[in-house]
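Q: Residues per chain are reported as follows:
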Amino acid sequence: MAGYILRRLLQAIPVLLGTTFLIYFMVFAMPGDPVIALFGDKTPPPQVLEAVRQQYHLDQPFIVQYLLFLGGIFRGDLGTSFSGEQVSDILARTFPVTLQLAAISTVFLAVGGITVGLVSGLRKGGIFDASALVVSLILISLPIFVVAFVAQYVFGVQLGWFRTTVGAGAPIQDLILPAMVLATGSFAQIVRLTRASVIETDGQDFVRTAASKGLSRKRIVPIHILRNSLIPVVTYIAVDFGVLMVGATVTEGIFNVPGVGRTLYQAIIRGEGPTVVSFVTVMVLIYLIVNLLVDLLYAVLDPRIRYVK
Amino acid sequence: MSSNTRAAQQHYVAPVEETPLVAIDAVKTEGKPTNLWTDAWADVRRRPMFWISAAIILLVVVVALFPNLFTQVPPNNDCQLSNSNGGPTAGHPLGFTKQGCDIYSRIIHGTSTSLSVGLIVTFLVAFLGIVFGAFAGFYGGWVDSVLSRLGDIFFSIPYILAAVVVMSVLSQYASVWTISLAIGIFAWPATARVLRAEIFRVKNSDFVTAATALGVSRVRILMRHVLPNSIAPVIVITTISLASAIVAEATLSFLGVGLPSSIMSWGNDISQAQRDLRTAPQTLILPSIALSVTVLSFIMLGEVIRDALDPKARARR
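Just so you know, the protein sequences line up as chains A and B, in that order. All residue numbers for the first sequence refer to the numbering used here, where the first residue is 1 and numbers rise by one. All residue numbers for the second sequence refer to the numbering used here, where the first residue is 1001 and numbers rise by one.
Simulated from the structure, these hints should not be mistaken for lab results. Treat each hint with caution, since some may be false.
Unchecked claim - Beta-carbon label-pair distances, calculated as ranges:
id: 1; chain 1: B; residue 1: F1123; chain 2: A; residue 2: L137; range: 19 to 29 Å
id: 2; chain 1: A; residue 1: D205; chain 2: B; residue 2: G1140; range: 26 to 36 Å
id: 3; chain 1: A; residue 1: P171; chain 2: B; residue 2: L1058; range: 46 to 56 Å
id: 4; chain 1: B; residue 1: F1207; chain 2: A; residue 2: G112; range: 43 to 53 Å
id: 5; chain 1: A; residue 1: E85; chain 2: B; residue 2: W1051; range: 49 to 59 Å
id: 6; chain 1: B; residue 1: T1212; chain 2: A; residue 2: L285; range: 41 to 51 Å
id: 7; chain 1: B; residue 1: W1051; chain 2: A; residue 2: G160; range: 41 to 51 Å
id: 8; chain 1: A; residue 1: Q60; chain 2: B; residue 2: I1285; range: 43 to 53 Å
id: 9; chain 1: A; residue 1: G84; chain 2: B; residue 2: Q1274; range: 25 to 35 Å
id: 10; chain 1: B; residue 1: Q1172; chain 2: A; residue 2: L67; range: 26 to 36 Å
id: 11; chain 1: A; residue 1: G72; chain 2: B; residue 2: F1207; range: 12 to 22 Å
id: 12; chain 1: B; residue 1: Q1274; chain 2: A; residue 2: L137; range: 21 to 31 Å
For each residue, glycine too, the CB sits at the ideal point set by N, CA and C.
Taking the hints into account, I'd like the entire structure generated from these sequences.
A: What follows is the structure in structure tokens.
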């Protein structure tokens, strides 16, 4: 087990280096001078420009900038945004919001998706199954911003059930609508995964054995079928947690949620290279850690999977 | 004593013609030979979902190629601000945008943009995915390690985010080609992974061993024997990636880092309409419907193909 964890951690290192380098390279290649953009319409004296460039190491060659940045990460220093705020402070402020949003979304996904998938799988080919398939295909096809706008219009403007924008310091129930919107993209995947898994488990010998022992269907479904069907679903939900935080860029923008996604997007638009790289680095780190945890969880849930290669 | 039993036999032995084994082992010699593809076609042909999605896709392709067959109204030049956000009138069945342009005409003329981006990205993803996946899967060892880690790097950068960064870099050159490049360059690892896994499965088959024993070269084995037998899941994922590419273009245009407003695109129109959601929701909803129906038809097609090519999926139906 320890060897497996170590191996996975070692594998993550080149991926992390490559990812940060790639992002840093792309941001560095961005057109326009962020320092001049910082001053807006005013033309700053060249000495000031020079000072700002030096402060952010923009006068150094690219590879030096990258190494300085990498060194900073190892010291836990993520740099300063152009507005003078510590990137780590911005992350500390925005990350909990995005995390909350993704968590609420995951709850919706897990409860809703597994329930629909279970019923579909148990009544394969029935009316419920057929309608669930149609609805899930439509949900997959709707781009997230379309879902977001329609939800905002119907539930926020017409029905008035939710506030249309969240804003800073909003109570947690304001995140419910954005979280539901965020969940629509993966909902269909969870439903079909659960359905397929339930159908497969339902045909297993141990289910037939349980039935022939005289157990009622009421007991077989939750204990024997559902529990054994959940392994791939749990894995998918865990991996999807990272995807939800990424999908949050659009959703957070539309609902004005003060999370990482919106901040990140604004940083890209303003050409704040170091801020973007820090945020993406943290996201990739989280993604890799989540993946590692998922693999370990998988091994725990299913004893058939050997984690020693 | 039955006439079937020879003198020395103690027990009755059924004649070969009567044993069920004959039925199992029998190879149909009459009729056309079937393979995965003819079976899949026979399966696909029977499903209404295939014909519906194929009809919509055909319509979308015709609209993209010949927009003038469907509308005589110019999408850009004939806009009157007095019509701003107006409802339907004679000759303008869907009403007007904020700039007073005909919505129906803009939807018709925006079709080719979405479709081109979808197709270019799909070719790029299929090409990169097949090259990387095939080499990683077939050669294994350090080739696999290097290529797979490279794929991991592209895979672990959030998809839309990466495209946002690339498009910001290339903002002066924003066009159908650059946006396709920005999407495609981060979308191929999924295809490569699927193909790699499939090749791992196929390359240990008996027919590969037989080809090796006959002295067929490695490259030829890969191209003639392994690749054609592992391509089925790639076709499924490619069809679906076409749909995701169309969505990605619309999302980028919506975020304001996609195509310039001079290029007609559903994503641009939706982006323009978002501020008027309360007063003129139709300006946002109508292009969204066009977008969603197109995406839905490609996803449906992908589903049907998946069911036809994957016997496991067929059993679950």
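Q: Quick one: which hint numbers does this structure break? Sort them smallest to largest.
A: 11
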